[in-house]
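Heads up: the sequence shown at position 398 corresponds to 398 in the numbering used here, and the numbers run straight through without jumps.
Careful, some of the hints might be misleading.
[Stated by the list, open to error] Result set (PhoX-like, lysine-lysine): computed pairs, CA atoms no more than 25 Å apart in a straight line:
1) K214 - K200
2) K424 - K407
3) K214 - K298
4) K491 - K443
5) K185 - K214
By construction, these hints were calculated from the structure, which means they are not laboratory data.
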Amino acid sequence: MAAITAPPPPPPASTSCRLPRRWSLTRIAAASSSPSSRFRPSSSRRPSSSTSLFAAGSSGGGGEILHVSPPSPPANPPGAPVYVTLPADAVGPGGRVARRRAMGASLAALAAAGVAGIAFELWWGVVERQGPGEYDWAGYLDLAAMARRHGLRVRAILAFHQCGAGPHDPLWIPLPQWVLEEMDKVPDLSYTNRYQQRNKEYISLGCDSLPVLKGRSPMQAYSDFMRSFRNTFEDYLGAIVTEVQVGMGPGGELRYPSCPTEKLSQPGSSSELGEFQCYDKFMQASLSAHAQILGIQKWGSGGSIGRDGSQQNLEESSFFRADGGYWDTPYGRFFLEWYSGMLVLHGERLCMIADTIFSGTGVTISGKVAGIHWHYYTCAHPSELTAGYYNTLLRDGYLPIAQMFAKYKAALCCGCFDLRDTEKTNPESSPEGTLRQLVGAAKMCNLPLNGENSVTRLDDASLNQVIRSSRLYSGRSSGTSFSFNYVRMNKSLFEFHNWSRFTKFVRQMSDARTFLARLDVRRGQQYLSSMSVVWVVSRACAYT
């Protein structure tokens, strides 16, 4: 790559931009329409209600708990319904439900606890592993059938990204082998940083519309996958499968892999600024074309100018530093508008496809935005900028994304609901501030909102923080909905003290006053006690 000639350094700022706290800025409100009626599943497609009796099953692997008569999925409670995300390997690499007996017992326990439904990833690397256009949905159909037997709704997460850090990871699910072969032939299909390091978590959005996957473009491959899902799950859509979350990037989130996904949860990763992912030939061609259209060709060669210095020290980076950084210059605005605009365009392409395919099915479509909070109390918000969110002290980077979601009546999913500013050692970090801004953008656009926890834990402080954070959006009179995904189910969830906290949390979130903590029969309905649920799960050899 040719050497990049940097423009003259920007003039020093007249005033310091160091902030003790986040300033309140006036944001541009977005006009929005009320949610479509297709957010409310048709009651005519739900199974009839009946009393559930538990019996030992003798088919399909045996030992799971079966309902004699399938109950209806629970109606949305007056508060915030709680969903539980299943383990990432709920369906194994071979396309079959893993630990099937334990799964059946676990779903019975969740239903008895008052959980509204489950969420699980449908991995591209599992479903289309055998070859282009060859889909194996058997394991996921089995999961949906199990959810229906236990009266649980399903949120299907169409996962077009890899799971895990590598073959050594016990939860390793790569992209389909035939996709990886194409990425090996053409390395520029991978996201690339300034050091020419490649990231294969997700196909670079620079080639969204190019026929690089054995004659199909990535968008065509995603569209075919969605269409096959719709046709296969036709009998479940709207009644059992009530939401389809479309994966839009690494970790399923609409973002660039500025930091590898496995590092985001590691201690110390919060200090990294991240790397711009715009150095593959497709992104470079887009940047050059954008500069040429605007008549400033000299800015279209190479990548981000001034991205030198430490990956961790903000003041050593001439692009991100508070005083005189390139981020707040004409060149910086040009580059960041293009970089973030490409991400929004990618999300819009996926939303447009999903809206067309699932229109009229009674299914809500949704997308997830990452909670990148590590430099929120700085001027440039560098870790957000490298992830593709043009969010700074002077600009709201989340409102354009919310407006795009509103255009297609899509729900917004985001994390950070369990995180508190007081537990962070980095003074520049603010998960609560990041969440407030994301929720504010969703409110402006009247988006349905799905909250998530960022760390899998069940201590009282974290669960109470979720409840406090949920009050930012729940209980609104506009008709837009709020729900919460607990991420994710594991063995510790069913330990006695954790289970007690979790069932209390579900009651508080849903305001389900009729929930009983002991076996009781009232008005013909049977309730399973917390103790018996734990016993059932332990007897079923729950997750290890």
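Results of checking the hints against the structure:
Simply put, K214 and K200 have alpha-carbon atoms about 18 Å apart, close enough for the 25 Å limit, and the pair holds. Annotation: proposed proximity of K424 to K407 is violated, straight-line Cα distance about 36 Å (limit 25 Å). Straight-line distance between C-alpha atoms of K214 and K298 comes to about 35 Å, which puts the hinted pair past the 25 Å bound. For the proposed pair K491 and K443, the alpha carbon gap of about 36 Å is over 25 Å, so the pair is violated.
Between the alpha carbons of K185 and K214 the distance comes to roughly 11 Å, so the proposed pair stays at or under 25 Å and holds.
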